[in-house]
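Order-wise, the sequence lines are chains E and F. Convert by adding 475 to the 1-based position in the first sequence; the result is the number in the working numbering. Convert by adding 21 to the 1-based position in the second sequence; the result is the number in the working numbering.
No lab work stands behind these hints: they were computed from the structure. Just so we're clear, the structure is a prediction, and the values are computed from it rather than from any experiment. There's no promise every hint is true.
[Claimed, not checked] Beyond 12 Å from chain F on every Cβ pair, some chain E residues (computed):
#	residue
1	L770
2	L915
3	L1063
4	W1070
5	G1092
6	R1132
[Stated by the list, open to error] Simulated restraints on C-beta separations:
#	chain 1	residue 1	chain 2	residue 2	range
7	F	K110	E	V1085	48 to 56 Å
8	F	F107	E	Q1082	52 to 60 Å
9	F	V88	E	A1114	38 to 46 Å
Don't be surprised by glycine CBs; every beta carbon is placed ideally from N, CA and C.
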Amino acid sequence: MTFSHAVWLAVALPLAGFLVNGALALKRPRATGLISVVGPGVLIAAFVVSVGVFVELWREPPGAPIIVRLWSWLPAGRLQVDLAFQVDQLSTVMMLIITGVGSLIHLYSVGYMKADPGYARFFAYMNLFVALMLVLVLGSSFPVMFIGWEGVGLCSYLLIGFWFNDKVNADAGLKAFIMNRIGDVGFLVAMFLLWRAFGSLDFGYVTQHAAGTLARGGAIVTAITLFLFLGCTGKSAQIPLYTWLPDAMAGPTPVSALIHAATMVTAGVYLVARTNVLFALAPLSSTIVAGIGALTALFAATIALRQYDIKKVLAYSTVSQLGYMFVGVGTGAYAAGVFHLATHAFFKALLFLGAGSVIHAMHQAYHASHSHEDAQDMRNMGGLRHSMPWTFGLMMVATLAIAGIPPFSGFFSKDEILAAAFARGGQAPVYYVFYGMGILAALLTAYYMARLMAMTFMGENRTGERERAHLHEAPWIMTGPLVVLGVLSFVGGVLNLPHLVGGHAALERWLEPVLAPARAMGGLVMPEGSTEYILVGAAVAIGVVGLLLGFRATLGRRMVPAKDAAPDTGLALVLNRKYYVDELYDRLVVRPLVWLSRVVLWRGVDQGLVDGAAVNGSAWASRLAGGGLRLLQSGHVGAYVVLFLVGALWILRAVIR
Amino acid sequence: MPATSLLGPSLALSAVLFSLGVAGVLLRRNAIVLFMCIELMLNAVNLSFIALAQLHGASGHIMVLFVMTVAAAEAAVGLAIILAIFRLKQSIDLKQINLLQG
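Only chain E is shown next, with the shape it has when bound in the complex:
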C-alpha cells in the first residue's frame, strides 16, 4: 500500500475525530482530557499522512495525477461522478498547509478554549472543518470539490456562531452563510455550463479538453470563469461579497486563524489555480479577477487603517492579502498566488493566534477585576511587550513578513505577485494600474500593521491600574505553536526562492505539472536585470516607509483608553465605519428584500393568495354551494318524485333528439 492511495485516511481521520468529539459533546462535555488528545491528535495523524503523500510524490518523476477512486457517487446517464480524490502537486501543497497549520491551531486551541463549556463541540466542528477542507482540495471533480466547498461554509457558520447565546454572533454566522450562498450560486451555474460544454465534470477531463472544446476568449469560457469567480468572491471575501469576513471575527480566535485567514478563505484562490486552464482561455475574466483583487487589496487596506478592534484590523488585512492572491492568479502567475497563499497562511495564522494570546491575557485581566471593558480594543492595550515578550517578538516577525521586509516570507511572495503584475503590464497596460494599486496597498499594509503593533505592544499601558498586574504570557501550549509559525513565517520564503537571490523557484517548479497547460497558452515574461532590481527595491522601500510612518504616527500621539477616547471625525470616521458599505447593503439589498418578503410575499402572496384565495376561498365556496344544495334535500318524497320526473323527461328528450 502506498501513501497516495491511502490519501482518504487524511479525510477519514478528522472525520472520525468529529464523530468522537461530537459524541463526547453530547454525552460527556467535560471529558477535557480525552478531547484534548483526540482533537489535535487526528490532525497530527492527518499531517503525517500528508507528509507521506508529499514525500512519495516528491520521489516519483512528475506524471499524471493519481486518482484515488472510492466509489461511484452520481451514476446518472451521461453524468458519471465518482467520489474520487486527486493527488497531484497542487493538492499536496494545500494538504500540507491545511493539516500542518491546522495541527498547530488545534494545539493552540487546547489552551485557548480550555475553560469554555463548549470545548468538545468546538473540537468537533474544527475536525469536521478540516475533513471537509481536505475534501475541497482533494476532490477530483467539481461536484466533489463542491461538497467540501459547501461543507466548510457550514462549519464556518457553526464556528462563527459558536457563542450563539449572543445574538450578534448568531447574526454574523448567518451573514457569512447567506453571502456565501450568493457565491455558491455562481459556482453551481459554472458547473452547469461546464457540463453543457464538456459533458464531464472531472478536472482531468476538463484540463485535457479545454483548449480543443472552448474558443479562446469566447463567451462560454468567459461566462464559466466569471461564474466561478463569483463563487470565489463569496468564499474568499472579495468585493462585492467581502463584508461577511470582518463580522466572522465574532467566532473564537483560533477559528479566525484557521478558517478565516489560513485555509477556508483561500479556497477561491485554490479554485482559480485548479481551473487555471479555463482562466488562461479567458483573458477578460483573468483581467477582472486581477482587477477585483487589486481593488479589494487597496480598499480593505484603507479600512484596516482606522479599526480599533485588533481582530478587525487583521480581518481587513486578510481581505486585502486575499486580494493580492487574486492579483497573482488573475495575472497568470498561479504559482505566485499559491506561494502567497502558503506564506500568508503562516504569518496570518501567527498574527491571529498572537492576537488571541493578547485577547486571552486582556480578558483574564479584566475578568480578575470584574471590569467590562472591551478586551479586543487596541486603545485599551499598549505596552504589552513587557508582560508578553514572546507574543510580541513573534508577532513582530509576522508583521515584518506581511509588510514585505526581506528576508521574511511575505517579501518573496508579495514581490513575486507585484512583479508578475508589472510584467503583464507590458501586454495589457491596465495591469500597470493593478501594480500601482498593489504597491499602494503594500504601503498601507505596512502602515496599519505598524499601528497595530504600536497600539498593542508599545508605549504606555492603558489597560488600567488594577488590571495591569494580571497581564501575563499565555501558557506554553499556546506559545509553542506560535514559535513554530514564527519560524515558518521567517523562512517560508525558501519554498520559492527567486533566481535573484540564488534560489530555484522550487514551488513554481513543483507546481509545473499542474500549471503547464495554462502556461502553454500564454506565458509571462518576468522582468530581469535592472528592472527586477528596481521593482524589488521599490517594494522593500515601500514596506520600510510604511512601517516607519505607522510607528511614528501612532507613537507620536498620546493615546487614551477606549472609554475616554474622543469620537472619530471626517475621513477617519468614514474609514472606521468601513465606508458605510454595510449600511449601504442594508439599504439597497437587505431592507428591500425584507420589505418584499414581508409585504409582497408574506402579506400578499402567503396571506392574500395562498391563505385567502386558495385555502379559505375554496372552503368558503364549498360552504356556499353546500348551503344552496342543502335546500333540495327537503325530505318530502313528493318533491323528490317531481325532480325525478323532470330529470327523466329531460333525459328522454335528450335521447329522442
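Start from chain E and add chain F according to the hints.
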C-alpha cells in the same frame, strides 16, 4: 282482423295507465296508494312490451317476465319498508316521512 291492428289502442291504453300512475305518484300522500301507482306504471310498461312483441318477436315477452319478477321483489321490499315506517311513526302519510331533510 290481424293482430297488429290492436297495436294502436294497446299503446294508447298503456300511455293512459302510465299517466294515471305518474299522476297518482305525484298527487297522493298515502304510501300504499303511491306504491300501487308505481305498480300501475310498471304494468302500463308491460302492456306496451306485449303490444310491441307482435312486431319484434319474443324479446318483449321475456322482458315482461323480468319486469314482473322485479316488481314482485320490489313489492316485498317496499311493503316491508312501509311496515317498518308505520311501526316507527304510526302513520304512512308521506308528509310525515321527512327524516332525510337536509
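Status of the hints after comparison with the structure:
no.: 1; hint: L770; verdict: holds (76 Å)
no.: 2; hint: L915; verdict: holds (86 Å)
no.: 3; hint: L1063; verdict: holds (60 Å)
no.: 4; hint: W1070; verdict: holds (49 Å)
no.: 5; hint: G1092; verdict: holds (24 Å)
no.: 6; hint: R1132; verdict: holds (20 Å)
no.: 7; hint: F:K110 / E:V1085: 48 to 56 Å; verdict: holds (50 Å)
no.: 8; hint: F:F107 / E:Q1082: 52 to 60 Å; verdict: holds (58 Å)
no.: 9; hint: F:V88 / E:A1114: 38 to 46 Å; verdict: violated (27 Å)
In terms of the numbered hints stated before, the structure departs from hint 9 and from no other.
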